[in-house]
Structure formats: structure tokens, C-alpha cells
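Q: Listed here are the chains, written in short residue letters.
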Amino acid sequence: MDIVTLLTQAGVNGLVIGTMYALMAIGFTLVFGIMRVVNFAHGEFYMAGSFIAFLTYAQWQLPFAATIVIAILLVGFVGALIEWVLIRPLRADELTGMIATLGISVVLQNSALMFFGASPRPMPEVISGLVRIGPAVFSWSRIFVIVSAVLVIGVFWLFMQKSRTGRAMRAVAQDREAALIQGIDVERIFPLAFGISVALAAVAGALMAPVFSVSPFVGITPMLKAFIVVILGGLGSIPGAVLGGLLLGMIESFGATMLGAMIADMLQLALVIAILLIRPSGLLGRKEA
Amino acid sequence: MNSSDSTAAGRPHEREGTMNRFVLRLGLVAAACVIAAFVPGLLPNLFYVHIANLTLISGIFALSLWIIYSVGQLSLSHAAFAGIGAYASALLTLRLGIPPIFSLVIAGLLTATVAALLGSVILRLRGVYFVLVTFLVGQMFTLVALNWQDVTNGANGLISISPITVLGLNFGPRPMFFYFAFGMFMATLLFTWALTRSTFGRAFNSIEQNIDLAEICGIDTARYQVVAFTIGSGIAGVGGALIAHYIRYISPDTFTFHNSVAYITMLVVGGRSLFWGAVVGAAFLTPLPEFLRDFEGLQRIIYGAIMILVLRILPGGLISIPDKLARLGGRK
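Those protein sequence lines, which keep their order, are chains G and L.
Under the working numbering, the first residue of the first sequence is numbered 1, with each subsequent residue one higher.
Under the working numbering, the first residue of the second sequence is numbered 1001, with each subsequent residue one higher.
Just so you know, the hints here were simulated from the structure itself, not pulled from any lab data.
Don't be surprised by glycine CBs; every beta carbon is placed ideally from N, CA and C.
There are no misleading hints in this set.
Non-contacting residues of chain L with respect to chain G, defined by C-beta distances greater than 12 Å in every case (computed):
1) 1041
2) 1172
3) 1247
4) 1290
Partial selection, computed: residues in chain L whose CB lies under 10 Å from chain G:
5) 1122
6) 1128
7) 1135
8) 1143
9) 1147
10) 1258
11) 1261
12) 1264
13) 1267
14) 1298
15) 1304
16) 1311
Could you build all of it, start to finish, from the sequences and the hints given here?
A: If you want it as C-alpha cells, here you go:
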């Protein structure tokens, strides 16, 4: 394999994991920006999305589009409910809210472990076949993941920019009290934002289910990466999450191709510490008051 | 202890009260020591002694995590520091033949040094960022422990680590180890207690309550936070070394993120406001999963559920129950 092929393939792989990281990080950063809660259960909603894809697509043989819709609605609804019942009373204090999400994460992950067992399940690909562009060969399934993720991010961006609710969310993220004065029902925005956030994680889980396999522990790595991404991009910044996600995906993919996976992982953590030292608010973040 | 006397010196009555409480607590500590002397003989079998030992070690972890919490920081790398101490102590005895009683101390100092270096970098970060980075540090530890084959033996871990012996006394058997673990636990407890009564403890407390105000009052908050992080993580390193020489086998799985979360659960369930809470939490939660061994996932679910329940219903933790009851009684 020549060097051009190797690099283009690393680029495509970087885009696949990069868009997935971006999907994870957008939701994570959205909840922090609006509610000031660090959601340690974020990865478990990714896991939930994976299992929904496994059940509806691989076992019940529904079309994949239906799988995505079910994942968004079901996980989004459950997420909003969890915010309403469990996080609402505890989010006044940043640390307490965070500890609550740790508890939620433990319960969700081990419930999945009890119901489905620990062994990973493979899932069939949504689209098979290869596409040849010049010297490089890509699988359609990878391109499908990239296109779908970009679509979802695009819809989310339009929603945040154009819709009344999306604008209300941004207003709350900027200044909760000012938003309150403008007549925005902050208490309704919170569960909605949490629901949307975890629904995005579920979409990422469903899209990636055929690429990786499905198990109760699949959410841990994407959540770890989401943490790294939001530190890179700035906690609370959505453009930062997209940029950071793509950047991390590329670093990981090229790093793994050229230096090996272990060194690539180390490199990421070193990068995070360096960013924190030089620019603690992240690449696109605002300085905390 | 002197500082508390001098602040109350103007009011002899109050001073007498604090003195009485102090003597009472000292009496409690002495009583605990006397009772502990008979515990291994009284427990029905070795399984219970084993659980008692694990509880004491958990107590050390929870107390040391409380020290870090007392400056308003939540560490998710506590298990990682325990792991660093465990691997350091195990390797010192296995490779260099250093007696465990010394390697224990060296491991603690080494862990504290790592924590001090790391802390001086990451404690510039407040609250959320700090927690995220400690989470990453925990993951990094697992990664290194798994992949640095030559030293850590990867996923297989280190086996046949020698037990602790002091002056010919072998603390390897479970009932004997109980006394050693109890000694270490009491040392940690008394140290934490003394710390809360010292100027350090007062500074810690003021930082936890209002970091900006503490800073304005001329308290070097960053320095105190590094000190608390160093002490807490160093003690965790000794605790990890204790596990290594007690179980005599360690692997990356012994010190995961889940362990860190378990220690946080102990703090929350016991009560975060006072260091006694950490002890109560460890004593309540450590034996619990041991009796649920048959249900693999269930023990963790119960841990998580108890944590959420306590946060919702009893935010002060178990140690706030007497106060709550007293208030209920008073209202009637």
C-alpha cells in the first residue's frame, strides 16, 4: 500500500470517529452550557443508542431510518424524564449535580449488564460494498456514518439558530437571569436540552453500532473522548465541540497509523494537559467569569 | 489542639465544653481500639475477618478522599493513585527485595510526589475542569498499567507479592492483617482529625465554603489545594500498597474508575461535611456488596441507587440522621 492510500484512508477513518466525537461532544457541552451540569452518564446514552440499533435493526429488521428515529425519541424522552426527576433537585450545586450523574451512569451501565450480559454482539452493516476514488478504497458503511452524522449535526445547528426554542436555549446558556426576564421558561428548557443532548449521544451510538460491536461498556470510550473534545474546544462551546471532535478524530487516526494506537492515546492526553496550561478555556471557549 | 484552646480562652465555660467533647472523642477512639483487639476472635469465620479488613482499607481511601474534598475538589483519580502506590510497593518488594514495611512508606511518598507534580499543574483548574482531568488521569493510569508490559506485566498483573512482616511478626494471615490494617486506619483517622483542628484544616474549610472569600482573606488557596491533593493522594497510595500486600495480587482491574466512584459514593452516603462521614460511609457500603456476590451487576446498581437516594432524601448523609431525628422530635 502506498503512502497516499494510507493517508487518505487514515483521513476517512479520522472523519468517521471525528464526526462521532463531535456528536457526543455537542450534547455534552450543550448540557453544561445551559445547565452547568457535567453529565457523567453521557456515555450510557450512547450505549443505549447502540442497543436500540441492535434490537430494532439487527433483531426486528426495521429499516435503519426507523432505528434512528426510535433511538432519538426513546432516549430523548427518557433523558428529559431523568432530568426532571433526578437532576432537577440537585443541580443547584455543580459538584452535587455531577455526583448524581455518576450514580445514574452506574445504574444504567449495570442494568444493561444484567439484561444483556457482558459479551459484545456484532451488528450487520447498514450498507455494504466498497467505493473506489482514485487510488483509495473506502467502504460505503464508513461514508454512510459520516454523511448521517453531518446531516444530524446540520439539523441540530439549524434548530439552534433558527427555531424559537433553539434561540431560547442559547439565551439561557448565555445568561440565565436575562433569559428569565425575557419570559423564557427556563424550567422547561432544562429537560428539553438534556433530552436533545442525550438523543444526540444515542444517534452516535446507533450509527457506530455496526462499526464497533454492541456491549454494556461501549459508552465509556466515547465519553472519555467527549471530555477531551470539550476541553480542547472549550466547555460550553458548540462550534468548539465540532472543531475539537474533528481535530481529535484526525489526531487519533493519523497518530494510530503512523505511531501506533498506544502512543496516539498518550498523545491525546498530553495534548489536553498542554491546552489546559496554555489556554484553559479551550480553543473556542469564553473565559469563565 | 492549641489553637482551639487559645480561641476559646476568653470564655472558660465554652472552653470546658470543647475540652469535654475532646475527651469524650478521645475516649471513643480508645474504646474502638479495645474492641478492635477482640474483633478477629469474635467474628464467626475468616470471610467476616476479610470483610472487616476490606472495610478498614476502604475507610483509609474514603478518609483520604475526604481530605481532597475538604478543599472543594472532587478527585476521580483516587483509585489511580491507590494503583500507583500498589504497583510501586509491589515492585519494590518483588524486584529489589525491600521489606514491605519500608516499601509501603516509599510507595506513599512516591505517590504523594506524583500527586504534587500533577496537582501543581491541574489545580489551577476549578471545579468541573479539575474533575474532568482527574478522570482522564485515571484512564491514563489504566492505559499505562495495561500496556507497560515489562514493568506491570500488563493485564495479568503482579502475583505472589510478599505479605507484611515486622520484627518477625507475619501480618499475612487475615486475623493478623486485621491488626495492621486497624493500626493504619487509626493512624489515618487521627491524622485527619488533627488536620481538621490545625490551621491547615481551618484554611481547607474556608476554601471549601467560599474560595473567593478565602482568597481575599489572604489564604493562598492554590497552595492549600495542592497540599490537600498531595496528602490525600499519598495516603491513597499507602492504602493501595496495603491491598497489594494483603491480597498479594494486583492488576489494572483492581484500581479502576469504578473504584474511584465507589469511594465518592462512600463520602456522599456517609456525609460530606465531616470526616466521620467518610468512616461511616465506608463501614456501611464496603460489607454490602460482599453479601450480594451472587448478583454480579446488582451490587453496583444498588451502590448507584443508594447514592442517588441519599442525595435526594438525605443530602447530609448518614451522619446527619441524629440531627434530623432531634429536629423532628423538637418540632413535635
